[in-house]
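Those sequence lines, one after another, are chains D and F.
Sequential numbering of the first sequence, starting at 1, is according to our numbering.
Sequential numbering of the second sequence, starting at 1001, is according to our numbering.
Hint data in this document are derived by calculation from the structure and do not stem from the laboratory.
Be a bit skeptical, because a hint or two may be false.
Subject to a maximum C-alpha distance of 25 angstroms in a straight line, what follows is the list of computed DMTMM-like cross-link-like pairs (lysine to aspartate or glutamate) [to be verified]: (1) D:59 <-> D:101; (2) D:108 <-> F:1167; (3) F:1122 <-> D:150; (4) F:1150 <-> D:101; (5) D:59 <-> F:1158; (6) D:120 <-> D:40; (7) D:108 <-> D:136; (8) F:1116 <-> D:129; (9) F:1232 <-> F:1103.
Rough simulated footprint, nothing fancy, chain D against chain F, three-plus residues with beta-carbon under 8 angstroms [unchecked claim]: (10) 1011-1025; (11) 1120-1134.
Cβ atoms here follow ideal geometry from the backbone N, Cα and C, with glycine treated the same way.
Below are the chains, spelled out letter by letter.
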Amino acid sequence: MANFAKKDRPNPAISTASLPDIVFMLLFFFMVTTQLREVDLQILVKIPKASQLQKLEDKSLVSFIYVGKPKDQRKFGKEPIIQVNDVLINPDGITQFIAEEQAALGEKSKRMIVSVKADKDLKMGLLVDIKQKLRESEALRLNYASIQEEKN
Amino acid sequence: MLNKKKRQDNTEINAGSMADIAFLLLIFFLVTTTIANEKGLLIELPPKREEDTKTEVKMKDHNVFKVLINARNQLLVEDEPMTLGVLRKSCKDFLSNKGKNKELSDSPQIAAVSYKTDRGTKYAIYLKVLNEIKAAYNELRSESMNITVKEYLAYNQENDLKDPKLEAKARKFAELSGKTYDPVNGVKDYLRFNPDEEKKKGPSAQKSLKAYAQVRNSGKAFFIEKYYDAAKEYPLRISEAEPTTIGGK
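Assemble the whole structure, with the sequences as input and the hints as a guide.
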């Protein structure tokens, strides 16, 4: 058997020369994956949880509608309100919003998906109004945005 | 005034602070980043009915699974109160009954779920119940495909739709059934072709039925074909009737 006697070696300092490289790599990763929020939410939205979720495949087809209580209650009141892009609207404004989105999509407008990001404490009344407006505008593919729940 | 330009040596820039700058940027992106996860429950809304073409859909009572939630978020299934935990099981039993029990559905193709909520129902509860109904369908579909529900949900059909072998099958199907092949929707037309539905159309559909059987049975079945078969076996028929006031206030 060879002799594995431990030699007393001096502790060499770990070279930190490659540290900037590692950090830069991480930096580029986050720069690429990051998506700055496009809309500035003026309402409070806490998305509910569900387990049977499907991923939205083509993000270019998706339009978002946010529903919740306004953050600034002195200015906009306490009642839940709808936000699209950067404006607060009432259900009647949805028709126009959908028409604009459909026009922007052109040929693909039949495959458009409307993703509703609604607060979990909302009452169904407002959402029902939204659904009726969507049906009128023939935007029939609706997605209830939700967070993955771990238990099945 | 007396500033004379001095000749300086070309000193190297100190790169020691580079790591610090990079760290600062890294932390900024770490904080601002929100990894996009656009997920949700996808449903298809019924098209808007014209006032004059309003027709009563006649369905046998035992083929409709009635789910109601009132303004107090109480669940009523088939005229009996129920807890959320049992809903998935009873919905599955209803759909996969296939005529065994006279009180449940005759076949999954004609079975439908009627889901009604009150205007005062909480959105979170509405979504939980919808989740359970969808879970029942997803479980049945994944069982018929012999995969797990997780695999079923994670399946992304976009890549498989571009498969040239599948396109060849769809092209052959169009050719044999005497139609011109549509380059955009042709593959989906083939996948969505439902033999059981076509049989009802009578002798005019014979040609395409024959073509479908021939193409479908040639070679190994693709995963995406099985995926669509499962959807044909258990078509998602959730009717979201317009909400009314349910029960007391």
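Structure-based check of all given hints:
About 13 angstroms separates the Cα atoms of residue 59 of chain D and residue 101 of chain D, which keeps this hinted pair within 25 angstroms; it holds. Taking the CA atoms of residue 108 of chain D and residue 1167 of chain F, the gap is near 21 angstroms; set against the 25 angstroms cutoff, the hint holds. With a C-alpha separation of about 22 angstroms, the suggested pair residue 1122 of chain F and residue 150 of chain D falls inside the 25 angstroms cut-off, and the hint holds. Our distance criterion of 25 angstroms between C-alpha atoms is broken by residue 1150 of chain F and residue 101 of chain D, whose separation comes to about 32 angstroms.
Distance hint between residue 59 of chain D and residue 1158 of chain F is fulfilled; the C-alpha atoms sit about 13 angstroms from each other, no more than 25 angstroms. Straight-line distance between C-alpha atoms of residue 120 of chain D and residue 40 of chain D comes to about 20 angstroms, which keeps the hinted pair within the 25 angstroms bound. Proximity of residue 108 of chain D to residue 136 of chain D is assessed by CA-CA distance (about 18 angstroms); at most 25 angstroms being required, the pair is judged to hold. With a C-alpha separation of about 14 angstroms, the suggested pair residue 1116 of chain F and residue 129 of chain D falls inside the 25 angstroms cut-off, and the hint holds.
About 23 angstroms separates the Cα atoms of residue 1232 of chain F and residue 1103 of chain F, which keeps this hinted pair within 25 angstroms; it holds. Evaluation of the coverage hint for the segment 1011-1025 of chain F: fulfilled, as 6 residues show C-beta separations to chain D shorter than 8 angstroms, against a requirement of three. Under the rule that three or more residues need a Cβ within less than 8 angstroms of chain D, the assignment of the segment 1120-1134 of chain F holds, with 11 such residues.
In summary, the one numbered hint that this structure violates is 4.
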